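Q: Protein chains in written order, with this note's numbering: chain X, 1 to 226; chain G, 1 to 254; chain L, 1 to 285.
Hint data in this document are derived by calculation from the structure and do not stem from the laboratory.
Owing to the predicted nature of the structure, the values given are computational and were not obtained by experimental measurement.
Treat each hint with caution, since some may be false.
A short list of chain X residues far from chain G (calculated; beta carbon distances all over 12 Å) [claimed, not checked]:
id, residue
1, A67
2, A87
3, L155
4, D164
Residues from chain G shown here face chain X by an in silico Cβ test under 7 Å; the list is partial [stated by the list, open to error]:
id, residue
5, E191
6, H194
7, H207
8, K234
9, F237
10, P240
11, S241
Where is the CB? At the ideal position from N, CA and C, for every residue including glycine.
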Amino acid sequence: MPQIDIELNKLQEKLLEMWDIVEYQLSSSREAMLTNDVELAGKVIKLGKKVNRYDVKIDRQCENFFALFNPVAVDLRQVLSVLKINANLERIGDTAEGICRIVEKLHEPISQELAAESRLLEMYDVALSMFVASRQVLITYDPVAAREILKQDKLLNKIYRKSDKVIASFMNNNPAGIEVGLHLYNIIKKLERVGDQVTNIAEEIIFYRDAKVLRHKARKKKKKDQ
Amino acid sequence: MSKKVYKLEAKNLNAYYGNFHALKGIDIAMEEKAVTAFIGPSGCGKSTFLRTFNRMNDFIEGFRTEGDILLDGRDIYDKKIRVDELRKEVGMVFQKPNPFPKSIFENVVYGLRLQGIKNKAVLQETAEKSLQRAALWSEVKDNLNKSALALSGGQQQRLCIARALAISPSVLLMDEPASALDPISTAKIEELIHELKNDYTIVIVTHNMQQAGRVSDYTAFFYMGELVEHSKTKALFTSPSDTRTQNYITGRFG
Amino acid sequence: MTNSDINRYKDKAFQIFGIFCTLIGLVVLAVFLIDIAIDGISRIDWDFLTSLPSRRASSAGIYTAWAGTLWILVLTAVIAFPLGVGAAVYLEEYSRKTKLANFLEINIANLAGVPSIIYGLLGLEIFVRQMRLGGSLLAGALTLSLLILPIIIVTTRESIKAVPRSVRDGSYALGASKWQTIWNQVLPASFGGILTGIILALSRAVGEAAPLIVIGALAYVPFAPTTPLDEFTVLPIQIFNWTSRPQEAFLTNAAGAIIVLLCITFLLNGIAVYLRLRQQKKVKW
Numbered sequence: 001m002p003q004i005d006i007e008l009n010k011l012q013e014k015l016l017e018m019w020d021i022v023e024y025q026l027s028s029s030r031e032a033m034l035t036n037d038v039e040l041a042g043k044v045i046k047l048g049k050k051v052n053r054y055d056v057k058i059d060r061q062c063e064n065f066f067a068l069f070n071p072v073a074v075d076l077r078q079v080l081s082v083l084k085i086n087a088n089l090e091r092i093g094d095t096a097e098g099i100c101r102i103v104e105k106l107h108e109p110i111s112q113e114l115a116a117e118s119r120l121l122e123m124y125d126v127a128l129s130m131f132v133a134s135r136q137v138l139i140t141y142d143p144v145a146a147r148e149i150l151k152q153d154k155l156l157n158k159i160y161r162k163s164d165k166v167i168a169s170f171m172n173n174n175p176a177g178i179e180v181g182l183h184l185y186n187i188i189k190k191l192e193r194v195g196d197q198v199t200n201i202a203e204e205i206i207f208y209r210d211a212k213v214l215r216h217k218a219r220k221k222k223k224k225d226q
Numbered sequence: 001m002s003k004k005v006y007k008l009e010a011k012n013l014n015a016y017y018g019n020f021h022a023l024k025g026i027d028i029a030m031e032e033k034a035v036t037a038f039i040g041p042s043g044c045g046k047s048t049f050l051r052t053f054n055r056m057n058d059f060i061e062g063f064r065t066e067g068d069i070l071l072d073g074r075d076i077y078d079k080k081i082r083v084d085e086l087r088k089e090v091g092m093v094f095q096k097p098n099p100f101p102k103s104i105f106e107n108v109v110y111g112l113r114l115q116g117i118k119n120k121a122v123l124q125e126t127a128e129k130s131l132q133r134a135a136l137w138s139e140v141k142d143n144l145n146k147s148a149l150a151l152s153g154g155q156q157q158r159l160c161i162a163r164a165l166a167i168s169p170s171v172l173l174m175d176e177p178a179s180a181l182d183p184i185s186t187a188k189i190e191e192l193i194h195e196l197k198n199d200y201t202i203v204i205v206t207h208n209m210q211q212a213g214r215v216s217d218y219t220a221f222f223y224m225g226e227l228v229e230h231s232k233t234k235a236l237f238t239s240p241s242d243t244r245t246q247n248y249i250t251g252r253f254g
Numbered sequence: 001m002t003n004s005d006i007n008r009y010k011d012k013a014f015q016i017f018g019i020f021c022t023l024i025g026l027v028v029l030a031v032f033l034i035d036i037a038i039d040g041i042s043r044i045d046w047d048f049l050t051s052l053p054s055r056r057a058s059s060a061g062i063y064t065a066w067a068g069t070l071w072i073l074v075l076t077a078v079i080a081f082p083l084g085v086g087a088a089v090y091l092e093e094y095s096r097k098t099k100l101a102n103f104l105e106i107n108i109a110n111l112a113g114v115p116s117i118i119y120g121l122l123g124l125e126i127f128v129r130q131m132r133l134g135g136s137l138l139a140g141a142l143t144l145s146l147l148i149l150p151i152i153i154v155t156t157r158e159s160i161k162a163v164p165r166s167v168r169d170g171s172y173a174l175g176a177s178k179w180q181t182i183w184n185q186v187l188p189a190s191f192g193g194i195l196t197g198i199i200l201a202l203s204r205a206v207g208e209a210a211p212l213i214v215i216g217a218l219a220y221v222p223f224a225p226t227t228p229l230d231e232f233t234v235l236p237i238q239i240f241n242w243t244s245r246p247q248e249a250f251l252t253n254a255a256g257a258i259i260v261l262l263c264i265t266f267l268l269n270g271i272a273v274y275l276r277l278r279q280q281k282k283v284k285w
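Looking at chain X on its own, in the form it has when it is part of the complex (with noise of 0.2 Å):
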C-alpha cells in the first residue's frame, strides 16, 4: 500500500477512536440526564479533556500531512474534511459535557411527562441516531444515507422552535419549576446545535466522496452558536 494510503488510515483511524469517545459521552449524558446520575456526568465531563488532546492530536496529525505529502484532489478534501469533522466532533463532546454540568445542577431526574411533553426524548434519540449514522457514512459511504441525515436535522429544528412555548407554559403553570425549566430549555438548545454540528459532518463528508459544497445550499435557518 503506498505511504500516502497508510497514513490517510491511520488519520480515519484516529478520528473514528474520537468519534466513539464523543458518542460515549452524548448517549452517557441522556442517562445522566434521566437518572440524575452525577456520578456518570462528572465521568463525561472527565472525557472531554480526552476528547481535547485527540483534538490536538488530529490537527497535528493533518498538518503533518499536508506538510509531508502535499495531498490533491481526493486525498486533499478527505484531509480538509477530517480536520472539519474533528472541529465539529470536539464540539458535540463540549456539548455533550454542557448538558452533564446542567445535570449536576439539577437535583431530580427530568420528569417523564415533561420530558415527553417538550419531546426532548425524542430529540435526543433523533440526534443520536443522526450521529451513529453520519460515523457509518463515514466508514462506508451511501449517498442517499448521507442526504437523509441532512433531513433529520429539520425535525430537530421544527421540535426546538416549537418547543419555547412548551416550556414558557411549564413556568407559567409550576412557578417552582423555573429552573428546571430554563435548564431544560438550555438542553434542548443544545441538542439543536448537535444536529447542526452533525449535518455540518455530513456535509462534510458528502464533501469528501463526492467534492460537492452542500453548505449553505438550503435555505434553512442556520442558528448562530450561542
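Mind docking chains G and L on chain X? Use the hints.
A: For chains G and L alone, coordinates are given in the frame of chain X:
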C-alpha cells in the same frame, strides 16, 4: 555511562576539492533503520557528503577530508579500513540508473562474483532474493538472461537497488534515485524505500522536497556546505527552526 | 547586386569548388584502380597465388609474399595488442595527471606522425643488430608493432574514455577494485572500439614496405616462412621489386599483386567498419 553508538556519524567533518571548502564542520548522527533525507540547493554539498560515507570521493583528484566519519562507531577513513570492504557494507544507488551492459542476472550477482563466489546455487538464490526485495522479481523472473539495458528506466533503477542489496549491506546510500524517472516509477521506488527501511539504514539525497517529506523519517538541510538543520522530517517541514530552512522549503530562497 | 546576392553566389561557388575537390580525389583513385584492374585481373589465378617467385615473369607467383604478409599481420597483432592496450589502460586509468604524464601523452600523439622509415632504422639497430634477430619475421613484426603502437594507444584511450563514469561508479560501489572494474566493465564495454582501432592500424602496417626494406626483408625468398625467425618478404616489397624490373610482364605481375594487397586491406577495413557499427547498435548508455 556508555555513549550511544549511531549507525552513521560525522564529527566536525570538513571536505575540500583543492582549495574549495565543500563541507564545513558537519556534525550529524543518523539512527539505524531509519530514512534520512539530505535536501538543499544544488552545490550545497549534500551529494559530496553522501559520497563520503562509501568513500566514492576518493577518486576525485584534490579531494580530501578532515574530521571523522563513523560507521557503527568505526572511523571509515582509518588506514586500516579497506575501501572494498567498506563498500560491501555501504551500498549505493545512483541518480541515473546505471546497469552494466550484461544480463539481468549477471548485474545482480556482479558484487558476489567480485568476491569470488562461483557456486551456482548461491548466486541463483541471492539473485532471486535480491530481486524480490527490490520488487522486480515478478517482472523479470522469466527473462533473467535478457540484457539489463532492455529494461525500462524504473526497472533499471530497481535492478540497481537489487544489485546493491545482493551483497547485503547495512546502509544504502541513494543519490537522487528517482530524479531521472517518471512519476509512476518514482512512486514505486518510494514505496520500496519504505519497505527497505525495516532492514536498512537509508540515506537519500533528493532535490524533490515532497519526496523528502514522503519517504524520510529525518531530514537534513544543507546550505553552502553547512548543515543548517537536522531533525525529524515532520518537525522540519511544519516548523523549521532556522529561517534559511524555512525559506528553502517554502520556495522563497534568495 | 545586393549583399545577399553576392553571398548566395559565393555560397554556390564554394559548393562547386567542394564538389570539384571531392571528384578529383575519387576520379584519380577510380582511374588508378581501373587501370590496375585491367592490367592485373587477368594475371590472378590459382597458380599466381601458389607459385614461388621466379626469374621468368610468367611462372612467378606471390605465394611467399602473401604468406609473409599474413605472418607479419598475425605477429604484429599479437605483439602490438597487449602492449598498446596495456599502455592505454595505464595512461587512462592509473597514471596521475602530472607534468610527466602530459609530456608522455603529447609525445605519443607525435609518434603517430613519425615517418615509417625512421621506425625501420630504429628496428634495424635494436632488433636486427642488438638483439641479433637478423632480417627475420620477428624483427619485422616488432618494427611494425612500434610503428602502429601510437595509433593503438590513442584509439584505445578514446574507447576507454567513452565508457561512462556511471558504469565505473556502479562497479566501484559494489566493492570492485580498480583492476576488477577495468577487466569486468571498462574493457568489455570498449572492446569493439579497441578492436576497430587495432584492425585499422594493422591495415596500415600491411601496406608498409619502407621499414621492412630497411631491416633487410628480402626481395627474393625461395620458400614460404615456417617460423617467426625465418627470412621473409611481403607483398609491398614484392610489388616494389616487380615494378622496378624493365620487362612488361613483371609489371602485370605487380598489378596482380596490388589487387591482392588491396583486397586484404579492404577486408580489414570492412571488418573494422562492421565491428564499429555493431558496437554502436549494441550499447546505448
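Q: Next, verify each hint and record whether it holds.
A: Hints and how they fare:
{"no.": "1", "hint": "A67", "in the structure": "4 Å, violated"}
{"no.": "2", "hint": "A87", "in the structure": "19 Å, holds"}
{"no.": "3", "hint": "L155", "in the structure": "43 Å, holds"}
{"no.": "4", "hint": "D164", "in the structure": "47 Å, holds"}
{"no.": "5", "hint": "E191", "in the structure": "6 Å, holds"}
{"no.": "6", "hint": "H194", "in the structure": "5 Å, holds"}
{"no.": "7", "hint": "H207", "in the structure": "15 Å, violated"}
{"no.": "8", "hint": "K234", "in the structure": "5 Å, holds"}
{"no.": "9", "hint": "F237", "in the structure": "4 Å, holds"}
{"no.": "10", "hint": "P240", "in the structure": "10 Å, violated"}
{"no.": "11", "hint": "S241", "in the structure": "15 Å, violated"}
In this structure, the earlier hints numbered 1, 7, 10 and 11 are contradicted, and the remaining ones agree with it.
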